[in-house]
Amino acid sequence: MTASEISAETVLEVRGLKRNFGRVLAVDGVDLTVPRGQIYGFLGINGAGKTTTIRMIMGIISPDAGTIRMVGETSRSASVKQRQRIGYVSQEQNFYPWMTCKGLGKFVSSFYPSWDAVEFARILDVFSLPPDRKASQLSGGMRAKLALALAVAHKPELLILDEPTAGLDPLARAEFMEIIVANSRKSQRTTFFSSHLVDEVERCADRIGIIHEGRMKVECTLHELRDRVRRLTLQPGMSFEVPPQFELLRDRTVDGIDQLDLRANPEQWDALVLPAGVSVHRLSLEAIFIASVSQERIVL
Amino acid sequence: MIRGLLEKECRDHAIALGVMAVLLLVTLLIMLMVPVFSETGGSAFFLLGELLSFMGPLAALILATGLIHSEFRHRTYLFLLGLPIHRVTLLSVKYGFGLCAMLFLATVLLAGAWWGGRNAEAMTPNFLWLLFAKSVGWMWCWWSVCFAHSFLGRYRIVTGFALAIGLIIALNAGVLVSRFGPFALISDQFAYERYVWPIEAFGWTAVIIVGFSLAGFALGIIKDSEVTEKLSKRMSSRERVVVTVVVIGAITGLSKFIQEPRGVPLNLPGAIDFSDRAANVSVVAAVSTPTKGEEEALAAHGKSAAKLLSAVAEYLECERLPRINIVHRRDFKANEFEIASESEGDIGFIRLNVLAPPPSDLILQTQLIEHVLGIRQRGRLHSDARGWVLKGFAAWMPLRGQVTSASDLVKLRGQGQTFVDESVSATDLSAWLKYASSREKIELGTSAGIGILVMGNGDEAARRRFLTGVLGYEAPHDARATLHDWLHPVEPLLKATTGDDFETLAAKWSREMKAIKVPQ
Chain F
21 MTASEISAET VLEVRGLKRN FGRVLAVDGV DLTVPRGQIY GFLGINGAGK
71 TTTIRMIMGI ISPDAGTIRM VGETSRSASV KQRQRIGYVS QEQNFYPWMT
121 CKGLGKFVSS FYPSWDAVEF ARILDVFSLP PDRKASQLSG GMRAKLALAL
171 AVAHKPELLI LDEPTAGLDP LARAEFMEII VANSRKSQRT TFFSSHLVDE
221 VERCADRIGI IHEGRMKVEC TLHELRDRVR RLTLQPGMSF EVPPQFELLR
271 DRTVDGIDQL DLRANPEQWD ALVLPAGVSV HRLSLEAIFI ASVSQERIVL
Chain P
5 MIRGLLEKEC RDHAIALGVM AVLLLVTLLI MLMVPVFSET GGSAFFLLGE
55 LLSFMGPLAA LILATGLIHS EFRHRTYLFL LGLPIHRVTL LSVKYGFGLC
105 AMLFLATVLL AGAWWGGRNA EAMTPNFLWL LFAKSVGWMW CWWSVCFAHS
155 FLGRYRIVTG FALAIGLIIA LNAGVLVSRF GPFALISDQF AYERYVWPIE
205 AFGWTAVIIV GFSLAGFALG IIKDSEVTEK LSKRMSSRER VVVTVVVIGA
255 ITGLSKFIQE PRGVPLNLPG AIDFSDRAAN VSVVAAVSTP TKGEEEALAA
305 HGKSAAKLLS AVAEYLECER LPRINIVHRR DFKANEFEIA SESEGDIGFI
355 RLNVLAPPPS DLILQTQLIE HVLGIRQRGR LHSDARGWVL KGFAAWMPLR
405 GQVTSASDLV KLRGQGQTFV DESVSATDLS AWLKYASSRE KIELGTSAGI
455 GILVMGNGDE AARRRFLTGV LGYEAPHDAR ATLHDWLHPV EPLLKATTGD
505 DFETLAAKWS REMKAIKVPQ
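Chains as they are written, first to last, in the working numbering: chain F, 21 to 320; chain P, 5 to 524.
Next up, chain P with everything else stripped away, as it sits in the complex:
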């Protein structure tokens, strides 16, 4: 009876077993290439640990899906249950078959590693037994987890995903997963620890093995497999929608916690803080001993930047703007400055030579606004849909109150004849990057500034509502930002706040550009 079942399992899962055999063969070939080991840690067993770490879960998943889930999914278990065999025997044969396959895999890999490294390493019996026990523990653990997991039928992908997310959260929360239970068995020390048996890790591994094995058997037996039978059916469309919503919700919610751990806050030695309400500005001289003139110029830049950004924050109703560090570099030439942000993307830098500043304060201010708002929305404003709003606001904001027409704007920004015969279409407002790449001759900020100026026929309250709607949002580090952009497209917001659609705005914008009269 059992032999018949085992033969059936071999034949039924021939493809899965064949794939595993090929994997095994390839792995063995790699392991037998001794020089490889010397390049990967100096031990014949280093590669074994690496291989086991991914082959364990992979093989267990393939085997469990074939042995358990497929049997229920294709309802062939009903055929088996019609035969004179006890349900526990049936599950035991499957469990034993899967376990043997997993242990065979581990044993062959270990034998291959031993063969490959027999002349290079001292193979003491204790060391080999230790390696064997660790490999067995790791493989058995994964088999028991996947065995239980395979009874969850249509929810196994969702639960697998949840487990993976949980593991990532634990890792990101600083939990040292690699020191726990089965993970400790094949940790970095797998190939090198020759004497100490990790009793605690073995203990936890045994607990996991027993727990999941019992859970698997319980799921397969309780209520005459009724639970597993129901779970093995395909999801209804309603269930699929609910699961998708729950998964997306979970990802969105959890993504707050699965961010990379924050590093130590950036601390620039000698930096002077010029923060003003919502604006966070620091200045620092990247020189060993700044002169008084440098210090004064830096302080002036700091105050000016803080004042400007404070006005921006107030206008856009932002509670806080990202920190900006203005860094003085003597090696920078006049008209030369550099914009950057730190790796997390939360802090911006403007590097320049304060004694040989950029061509104009206006250019620096425009860049400052663009940079700060860009950081605040994680670069999302530099897009086809929102690029013109950011560019235009950054150009217009420093001159707010001083300009009433496009001619004023062009004049103050130092632009001249470049706007003759220039126009903007509604399509350009949805494909700003394409527009920008095709307009090399014009100053894009000034062009977009004209758009900001003319929107809503110059109604300041309407303009502010629109700009606050697009630029005032603080994007989080996760999918919520994408969801926000998706739910708040620009054109409907423009229409709702200013009464203009893209067509109307583009027409006004183009008309205004054509009417520019600026003496050269």
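Bound-form chain F, shown alone:
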């Protein structure tokens, strides 16, 4: 996808987003692009800046710098009209405990002109959520499903989920992500979700962004990522000088064998001539993620 194609089909485009909390620079110039119809996995360890970025996109907190272009409008902070075209599921579901599922739907509906009550009732049914059960009586998984139902019942162009499966058990997590993927694919909805779970992102996302210490480390499709980041293993006693076009992400020694995780364009990888005793390996997303977020020299 070319830059112009991305721009035309982009639902969310963030440029140079920054945010400080006192002396802590939580987000430091994040750029990201979410093409229409895709599922975007926003991957990062705890404290990487995922939630702060999403809160800035949602207009819950203001950025110190940067612009956000979302559903066709560019602004520093999302307007009410923009937000009415977005569905949002936060990390914690802080519902009013006395409200029932149905009551929450009624309350939330007053904020969205395009709210579809029939669709909401249908989703509750699909998710097996009892309409008259109070929020305080729902399990963690049910609360996450209810949050999703509330976020999609007005048929948003963009669905933003901030670690929606945090705190759920593996079964509930898998089920919830299946629902998101199926729902997004079926309705051709653009979905942006954050997670610190690599397998979750690998299973669901079309496009991946990795954030670490407030900075974007990688942003591309999973296929492109695997093409770009590869590992060189050096036999004991061998040495290898990293070519200038290659970025060394991680360097570690395991059982006397040096492992260099490098990033470069696929063409550069194809043109690389390896000496005897040096071999190249494709990496899993988990290995790429770890290589992207840890650069220190490790000897095991």
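Derived from the structure by calculation, the hints contain no laboratory data. One or more of the hints may lead you astray.
[Claimed, not checked] The list that follows gives simulated cross-link-like pairs (lysine-lysine, DSBU-like), each with its CA atoms no further than 30 Å apart:
(1) P:K234 <-> F:K38
(2) F:K154 <-> P:K234
(3) F:K38 <-> P:K518
(4) P:K227 <-> F:K237
[Said to hold, decoys possible] Covered, in the sense of this in silico footprint (three residues per stretch, anywhere, with C-beta under 8 Å from a C-beta of chain P), are these stretches of chain F:
(5) 76 to 89
(6) 127 to 135
(7) 290 to 296
Glycine residues also receive a C-beta, built at the ideal position from the N, C-alpha and C atoms.
Fit chain P to the known structure of chain F by using the hints.
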């Protein structure tokens, strides 16, 4: 959107609103009982003013806590912020909801008062508008204060407390709070002023309303509510300790200033001053024209008391002793005298008939010492822990230098066989009042005097250090006195100064009592 929020607020705060409705109903019932008004100021609106004065702050506090603080405390504001609504709109709805509830309360109360008094009072439009405006100003003012205050989260109780203390200080410093701003609106004149609009009071009320409302919105909006969010979290244990220490320190420090204002110093006409260094003694005859004999006897009492108290002050290293007034009363019989102190508790009186004095000078002197030192420590010496020290010192001091044994003391104090088989335990020294109530037959002063006599094996310097430590302290009018007593318990002081603990002293004391040999 706004309707949805309002419905949510109604449901979310149903209990608070229900409590307010019940209060309102009860209040209305009271107001509609017209006879009540005639007994409470003769106006239908007198009770309205009284009710508004306490219902305003109460309702505002309940509403603000529910609408603002609870939302942050339970983190439900995060759910609201995830919805497409501007933060200012959200706060405006809450502010408007609370204000409407407050004004509804004021309007219903006013309507109730009007209904109750419609046949008894002239209800001119100006009067009713004046009442309405005053009620609205008062309620709105409290709402804006509580609205801003509720954003302070875990510090709101501390700051509320500080405000209350500030108000008390202002009142005690003579500031006429009731004539200022919102307080002037519902002052005593609330029900009776029919024509004059208190423009200045309205002006100050408006300033307070605008100031606190803006402060509330600022706290809720600046830094994306980050400040309020942080404040809404529970205090850490370290923070709790710091806040407690600061509060106690503030109370202790400020309590100096929140004493009742001192009245005009007591001035007894015709009183003659016999002050001698630290002793403050006056004598006065409570008769229109005292005889020469009365004057001379009074002067002798004055000189004697001043000399004794001066010695006491010197012994206990006191810079100043409370004033004692010796008052001559002809209506008192021989052996009859009365001890009292003025309402502030700083000045003592001994009333007696100087021409028909008490049984002995010694009894009078003992009572004088006990009374003066009791006043100096605000009655704290008449306690389980220190009672025996005061009693014993008062009995021993006038005879200091004359007695070397319990037998001497008993003999000079005119006590006889009553101490046979008597004893004191260490427990009695910590529970003196209980001991005293169970020893009706013995003269407690003499008993305690024996204790003073034998402590530290008669080492005068050690005894003096102990007595000065317990009796020489001048207690202030506040919590510092309690803190002092708590930090300076008697037994460790006794041990440190005389080497005796309660057990040792009680054993010596009991032994000495058993050894008393006084001919009947």
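Do the hints match the structure? See the list:
1. For the suggested pair K234 of chain P and K38 of chain F, the alpha carbons sit about 21 Å apart, so the restraint of at most 30 Å is met.
2. Of the pairs offered as hints, the one joining K154 of chain F and K234 of chain P holds, with about 28 Å between alpha carbons and a cut-off of 30 Å not exceeded.
3. A distance of roughly 89 Å separates the Cα atoms of K38 of chain F and K518 of chain P; the hinted pair therefore is violated under the 30 Å criterion.
4. Note on K227 of chain P and K237 of chain F: the hinted pairing holds, with a Cα-Cα distance of about 28 Å set against a maximum of 30 Å.
5. Counting residues of the region 76 to 89 of chain F whose CB lies closer than 8 Å to any CB of chain P gives 4, so the stated coverage by that chain holds, three being the minimum.
6. Coverage of the region 127 to 135 of chain F by chain P holds [criterion: at least 3 residues with CB-CB distance below 8 Å; count 6].
7. Counting residues of the region 290 to 296 of chain F whose beta carbon lies closer than 8 Å to any beta carbon of chain P gives 0, which falls short of the minimum of three for the stated coverage.
Of the numbered hints given earlier, the model fails hints 3 and 7; all others are met.
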